[in-house]
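Visitor: Just so you know, the sequences run in chain order A and B. If you count by my numbering, then the first sequence holds residues 154 to 360, one letter each, in order. If you count by my numbering, then the second sequence holds residues 6 to 626, one letter each, in order.
No lab work stands behind these hints: they were computed from the structure. Treat the numbers as computed from the prediction; the structure is a model and nothing was measured. Even glycine gets a Cβ: it sits at the ideal position worked out from N, Cα and C. Heads up, a few of these hints could be off.
[As the list claims (entries may be wrong)] Sample of chain B residues lacking proximity to chain A, with all beta carbon distances greater than 10 Å (derived):
(1) 40
(2) 101
(3) 108
(4) 131
(5) 174
(6) 182
(7) 246
(8) 339
(9) 460
(10) 565
(11) 617
[Stated by the list, open to error] Derived list of chain B stretches under chain A, where covered just means 3 residues or more per stretch with a C-beta under 8 Å from a C-beta of chain A:
(12) 185-199
(13) 273-280
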Amino acid sequence: MKRSFGHLSGLSLGLARGRRLLRRRDHPHRLLALDLETTGFDASTAEVIAVGTVPIVDGAVRIGELSSTLVRPSVGSAEDGIAAHHLRPSEVAVAPPLHEVLPQLLGVIADADALLVHHAPLDVRVLRRACTAMRCSWPNPAIIDTVELIGRCRTRERATGTGRRLPRDLAGARAAFGLPPHHAHDAGADAVATAELYLALRARLAR
Amino acid sequence: MTGCDERTTVASPRAHEVLGPEDFLRALAPFDQLDDEVFADAVASLEVIYIPAGTRILQRDGEPSAYLHVIRKGTALLSRDGIPALNAEAGEWFGLPSVLYETQPEFDVDALDDLLVYRLPAEVIRRLTGSPDFAAVVSRGLASRLRATSRVSDSDGAPVAVAMAAVSTLVRRPLVILPAEVDVGEIARTMRAERVSSVVLSTDPPAIVTTLDLRDRVLAAGHGPQIPGSSVASSPILSVDEGTSITEARVTMLERSMHHLGVERDGQLIGIVSTGDLLRADASSPFHVQRDLATASREAFASVPDQLHATIAGLLSGGLSPLEVTRTVSMLTDVLVRRAMSLAMEELGPAPCAYAWLTLGSDARREQTLLSDQDHALVHEATDDAGAAWFHAFATDITDLLAVAGLPRCPGGVMATNWSGTLETWRHRYLRWITAPDVQALYETSIFFDHRVIAGDLEVGELDEVVRHHRSDGVLLARLAAAAGTSRPPLGLFHRVRSTADGTVDLKAGGINPIVALGRLLAFEAGSSLRPTTDRLEVAVEHGGLARDAAEELTEAFRFFQQLRLEAHQRAWRQRTEPTNRIVLEELTPTRRRHLKEAFVAVGRIQQSTIQRLGGEEVSR
Chain A
154 MKRSFGHLSG
164 LSLGLARGRR
174 LLRRRDHPHR
184 LLALDLETTG
194 FDASTAEVIA
204 VGTVPIVDGA
214 VRIGELSSTL
224 VRPSVGSAED
234 GIAAHHLRPS
244 EVAVAPPLHE
254 VLPQLLGVIA
264 DADALLVHHA
274 PLDVRVLRRA
284 CTAMRCSWPN
294 PAIIDTVELI
304 GRCRTRERAT
314 GTGRRLPRDL
324 AGARAAFGLP
334 PHHAHDAGAD
344 AVATAELYLA
354 LRARLAR
Chain B
6 MTGCDERTTV
16 ASPRAHEVLG
26 PEDFLRALAP
36 FDQLDDEVFA
46 DAVASLEVIY
56 IPAGTRILQR
66 DGEPSAYLHV
76 IRKGTALLSR
86 DGIPALNAEA
96 GEWFGLPSVL
106 YETQPEFDVD
116 ALDDLLVYRL
126 PAEVIRRLTG
136 SPDFAAVVSR
146 GLASRLRATS
156 RVSDSDGAPV
166 AVAMAAVSTL
176 VRRPLVILPA
186 EVDVGEIART
196 MRAERVSSVV
206 LSTDPPAIVT
216 TLDLRDRVLA
226 AGHGPQIPGS
236 SVASSPILSV
246 DEGTSITEAR
256 VTMLERSMHH
266 LGVERDGQLI
276 GIVSTGDLLR
286 ADASSPFHVQ
296 RDLATASREA
306 FASVPDQLHA
316 TIAGLLSGGL
326 SPLEVTRTVS
336 MLTDVLVRRA
346 MSLAMEELGP
356 APCAYAWLTL
366 GSDARREQTL
376 LSDQDHALVH
386 EATDDAGAAW
396 FHAFATDITD
406 LLAVAGLPRC
416 PGGVMATNWS
426 GTLETWRHRY
436 LRWITAPDVQ
446 ALYETSIFFD
456 HRVIAGDLEV
466 GELDEVVRHH
476 RSDGVLLARL
486 AAAAGTSRPP
496 LGLFHRVRST
506 ADGTVDLKAG
516 GINPIVALGR
526 LLAFEAGSSL
536 RPTTDRLEVA
546 VEHGGLARDA
556 AEELTEAFRF
566 FQQLRLEAHQ
576 RAWRQRTEPT
586 NRIVLEELTP
596 TRRRHLKEAF
606 VAVGRIQQST
616 IQRLGGEEVS
626 R
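Bound conformation, chain A alone (with noise of 0.2 Å):
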């Protein structure tokens, strides 16, 4: 599949930039924790069906702003994608479209000094590709990959030889750090188990 080099570049630019910021000691004042429920894992065709965001601010995250909804998809999107998110479609008929969605959302992803995602390079080119198809532009926002800070943790403890290989999924890497279960495929549960889950890399990366 032909992807255009913008997307490629905004993606890695955005990570590297987001690999700068964690090289400083303190943490970046203001991150925003998101995850996106979709269709499939074709970042080409994978419609968005919710959306969850939570600000991690100085390192505590605000449980109090986060905020998730369910998005309805164009007609014709594959049931069984929105069953395997244990959602009727029922209640996705009822949910707000993406276009009154993104907006809001890119409001508060430029408000935040990175954008923080379990997995970043699929979030974040279906949310290209709606802006794209929306007219609206994207915020170039610095990008922290908790998946990315998992092949550190993994790297170094290979390294090192030290414990057991980090899992790379968020469950299985929540589980190996103590961290409580968490309702998966709940946008909004899924993007506060994202924020504690880097939270949790953090320490340990700075050993």
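The hints should help you fit chain B onto chain A, whose structure is shown.
Guide: Positioned in the frame of chain A, the structure of chain B alone reads:
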């Protein structure tokens, strides 16, 4: 996005088994008591933080805690002077007293391992305490944490309170087991007869049916009593090993939203614990001890001191106010005395006539510490020599038993063995005392004015009436005021705290006694028969005898002195030395030394002005 690469074998949890931050907090007492609106307001400020192992979170005598910390994962250690006091684990919090009263933390708090913590800003918690019952539930929640404390010994043999009582202690009865094929009607009747909220079906593996199942899976599903129990039962039964701590069990149930939890010994189900049992365990800290005391044998009285000290250690380390602690000690002392009485009656037979057992002094005021002497008296109906002999034997046996239980005999002999008589005898004694010209004698007999009936049917209210009758007697008031000046704070020139040659200060003689005497005096003036000192000060404010800020100063000073005393007694108990009311000034932190001085100064000032106002100075001269 979850699970888009390298799915591992870790099963993703089922939705009903997990709790997000908001749900977790909601399920915790006392947050479960809040109205939805109030709770939502609190959640708006809820934050999650991650604290790496080894971090010092709160510093004793440092800044007041800006947050209430609720632990979601990991263990925090509360300690003092490097001595571990309590572990706080998932579902528990720390820093509450500091948050509520904006005071310096009483403990150092360290992360033993990495902590996932939910925190709420201090001002939000303080706002919540304005909501009905929250404050009361908060203190019960604290005490409850300590209820699950058991005594373990660290290396030097000093018992420390750790929240680790096993869940098996909550298993109170054998399993209620029914054959696999019974119908739900039979199950419901068994539940009613046995007064249980769940039964176990002898399927393989065993299955459980709860009252909730009867509601949700039978009635709400439109079924009648004839359907088989097995069709609504759950299997396997979620269980933990009997050695699991109550804290862990609570978290397991919370996380899975389960109301019943199986308890296993060597893999065999031995009992079911319900959320109700956990709540009772929560609400029980001193109640455990209370139950033990209420059924104690004569032989068991010897182990009472250790038991009481352990309870107090738990209450104190949980941050309970010293006045709550002394109230609890008084309550437990009542239970102990009543138990001693029934043991005595087993030997002596029933009382020959109606009587009232009075407890006197600090216990009557519910300000008992474990160092307080036995002070008590008997009032009985007119009786013959044999009856008088019975009461003497009764009092002797009780006094002996209480001495075994660690309550020292009153050196002044103010005990029912010496002080017994009919109501008429007592009325004359009271009259003699309050008209006696000698101020020192008045002070010494004032212990009888603080009495409280803890057993017996005889009505003794008229003793209070004797005193109340004289409340407008200015001469008596002046003499009582002079008596209140008998004991004064140990202050020297320039408000220096005067210590003895060995550098000690007597907290009881110099701090507690002056405040107690002031409270008694002011309650007398107000015509109140309330006993607790802080209540008396409150009444005096209402009545106009004491300024509001003076009452608050005295109350705070009283609380502070009691705190120092209780801590000193605890230390002595841990080190197996003789407990005392004297503290070594040099051993106090600079902050506390300053507080002590300020408290003494305030007490001295208010004592002086009150005595002057009531003419006590004239009498003394």
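Visitor: Each hint should be assessed against the structure and marked as holding or not.
Guide: Okay, the hints, checked on the actual structure:
1. 40: holds, 17 Å
2. 101: holds, 19 Å
3. 108: holds, 24 Å
4. 131: Correct as stated: the minimum Cβ-Cβ distance to chain A is 17 Å, above 10 Å.
5. 174: holds, 26 Å
6. 182: holds, 32 Å
7. 246: Nearest chain A Cβ is 19 Å from residue 246/B, so the label holds.
8. 339: Residue 339/B clear of chain A: closest Cβ-Cβ about 43 Å, beyond 10 Å.
9. 460: Non-interface label on residue 460/B holds, nearest chain A Cβ at 51 Å vs cutoff 10 Å.
10. 565: holds, 34 Å
11. 617: Check passes; 55 Å lies beyond 10 Å.
12. 185-199: Three-residue rule not met by the segment 185-199 of chain B, so violated; n is 0.
13. 273-280: violated (count 0)
When each numbered hint is compared with the structure, violations occur for hints 12, 13.
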